[in-house]
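Make the full structure from the sequences, and use the hints.
2 protein chains.
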Amino acid sequence: MSAVSVPPPKRLQKPLVVPHRHMFGPGPSNVPPRILEAGANPVIGHMHPEIFEIMNDIKSGIQYLFQTQNNMTLAVSGTGHTAMECAIFNTVEPGDSVLTAVNGIWGERAAEMAERIGGSWRLSDHCLILSQALLKYRPALFFLAHGESSTGVLHPLDGIGQLCHKYNCLFLVDSVASLGGAPLYMDKQGIDILYTGSQKVLNAPPGTAPISFSERACQKIFNRKSKPVSFFLDLSWLANYWGCDGKASRTYHHTGPVTAFYSLRESLAVLVEEGLENSWDRHQKVAEYFHRGLESMGLKLFVKDIKARLPTVTTIVAPRGYNWKDITSYIMKTHNLEISGGLGPSVGLVLRVGLMGRNSSKHSADMVLAALKDALQHCHKSKV
Amino acid sequence: MSAVSVPPPKRLQKPLVVPHRHMFGPGPSNVPPRILEAGANPVIGHMHPEIFEIMNDIKSGIQYLFQTQNNMTLAVSGTGHTAMECAIFNTVEPGDSVLTAVNGIWGERAAEMAERIGGSWRLSDHCLILSQALLKYRPALFFLAHGESSTGVLHPLDGIGQLCHKYNCLFLVDSVASLGGAPLYMDKQGIDILYTGSQKVLNAPPGTAPISFSERACQKIFNRKSKPVSFFLDLSWLANYWGCDGKASRTYHHTGPVTAFYSLRESLAVLVEEGLENSWDRHQKVAEYFHRGLESMGLKLFVKDIKARLPTVTTIVAPRGYNWKDITSYIMKTHNLEISGGLGPSVGLVLRVGLMGRNSSKHSADMVLAALKDALQHCHKSKV
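Chains as they are written, first to last, in my numbering: chain X, 107 to 490; chain R, 107 to 490.
No lab work stands behind these hints, which were simulated from the structure alone. None of the values given here were measured: they were computed from a predicted structure. Only true hints are included.
Here's a subset of chain R near chain X, in silico, CB distances under 10 angstroms, partners left out: (1) V137; (2) Y291; (3) P312; (4) H359; (5) P363; (6) R371; (7) L382.
The calculated lysine-lysine pairs, modelled on DSS-like cross-linking and capped at a C-alpha distance of 30 angstroms, are: (8) K116/X x K294/R; (9) K242/R x K333/X; (10) K353/R x K431/X.
Every residue, glycine too, gets a C-beta built ideally from N, C-alpha and C.
Take a look at the structure:
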């Protein structure tokens, strides 16, 4: 045995220090102590009967959150992007094409994922021409972000699923930024694949992603000719691990992140306690209160159409004469509070504020309004 | 807005209950309170300067653990399987082939992953014919599991990297079950890609996977003609998020599991405190002590060659006349202690005991020996 040549790093001899701060950006949001503590429970095996019970709890919680009876409902061991790839990898076969509504960064990313394993088309203004595009491109899958957190737009969903089905196309919805904060009914709205993240309205740490597949989606997935590119995200394996395939026993697939499952379960229990409709209602009312406060300060909302405003993530037109980075930095430094700039197509154009889950309260809204007022007074303003 | 039709599940109205148990199976292992508590720190943003510092700490800890100077060193946001796919997805292009040493389940899985995106060949007894296979198949990548936790074999690594390089082949090593518990020198041994998991010797919860890439591996990866199939695991994006690409700023890729990063950092800090060589030494001594205890009870070790025994996971020949499931069930029920049966090729043939990280102690070994003795006395034995 030879000696080690790479010495132990000094930086790891210092203790871990994590600041407390108000997480009012587009996510992750603050995690209440109850949910953090759930995640600090001892590790048990990823194949123990107790973890299967916890996974069954999670499954029923997601069915409630998604308003679906789908048996094929589970949480992916990863973040929203992992769920996005899980949806696309399983449904798209070589030769299939994907149509994505590009109304912000998420549509772009879905299109990029689809391109890596097959063809894709982008639809910039899909409301008008969706049926034409479905007819022309005959996609296997249509992607839409319900809550586009980059632009602050909440997209209506009614009727789209039915239209897709007319053209034998599956309807895939990203609800990472919206779920639990805005009404959504997976089954009634004909959504075939729906996913979200743990770290937004659910207030769990990032690292797990609820996802559900309709019977129609399963029909396509389980009659594929080729295997999906990913073993880790292969739904036939995941379905077995989550007890969704009707088999008597579960086979080892991967080591589930058990402590992240504890937190996710607790976050779903919190939602069940409040009730889904109450949560939607609270997010809507707090958003309206916050928006009125912004407008009374003379700030402008980026999304003009009131009905198209996402109740969870608000985009504010970047105040004229200021560098937006000065504002977010000032607020972080002075108020220990995160709000963020734009993302993708909205970079430089907006400030983004997320009030999600426990953070969706008048108290939090007031904190952001006070911080913004303070920043506008103290940040450098150029003479326009 | 219509009413919800899927009611809140009653099962989520019950509190979360997680049992404490001794995790002496092949992983996950017990997580010390210090590491669990680190993970219960408040969530901060995945793009905050403080998380970048924590990620830098992790990076330097992995460099020490792997004994590498590779700049391209980071943790994947997922389990060992995610790291395995990260390695294969990034290095293998259409037309490339992969050679895997199949000495247990991990080689099979790597081969399956490679097949999903291209060709692969399995090598059953690679020691003798590796150079022939390299010459014949001209693989882009050769996969070997250092610690085969399904069979309990520790595979020697010296010389293989150099042989691979002679044939312009990258050397990929899975060290999920061995790292920190058995000597390994990434740079000296010419390993091009190395990964491990958080939940074995490191004693962190499952959910993150350290990985590192040599200059040679990066040369191939960053000169690909096609993009890897996965956006989430694309090394050019991950490299930027982990500050390994020399760019001044980091771009949003995915929402890193920040609390899992806290735990991983803490587990690396524990390793730095003990020292890598001390950890190797402790695992080796405890394993030898445990093996002597097993043999003195009349049990047989599955791996005959003493030098080929994995110090972290021990495979015991399933005791004759017993149903192995009766033994593991009895020990779980009576001693609140996990040991497991075989996996893949070793199902039905062995019992597996993992003593990893903090669990690698004479005290734990004694607990397992006492539990086994008790089980052999009380479990049903057929008349042979």
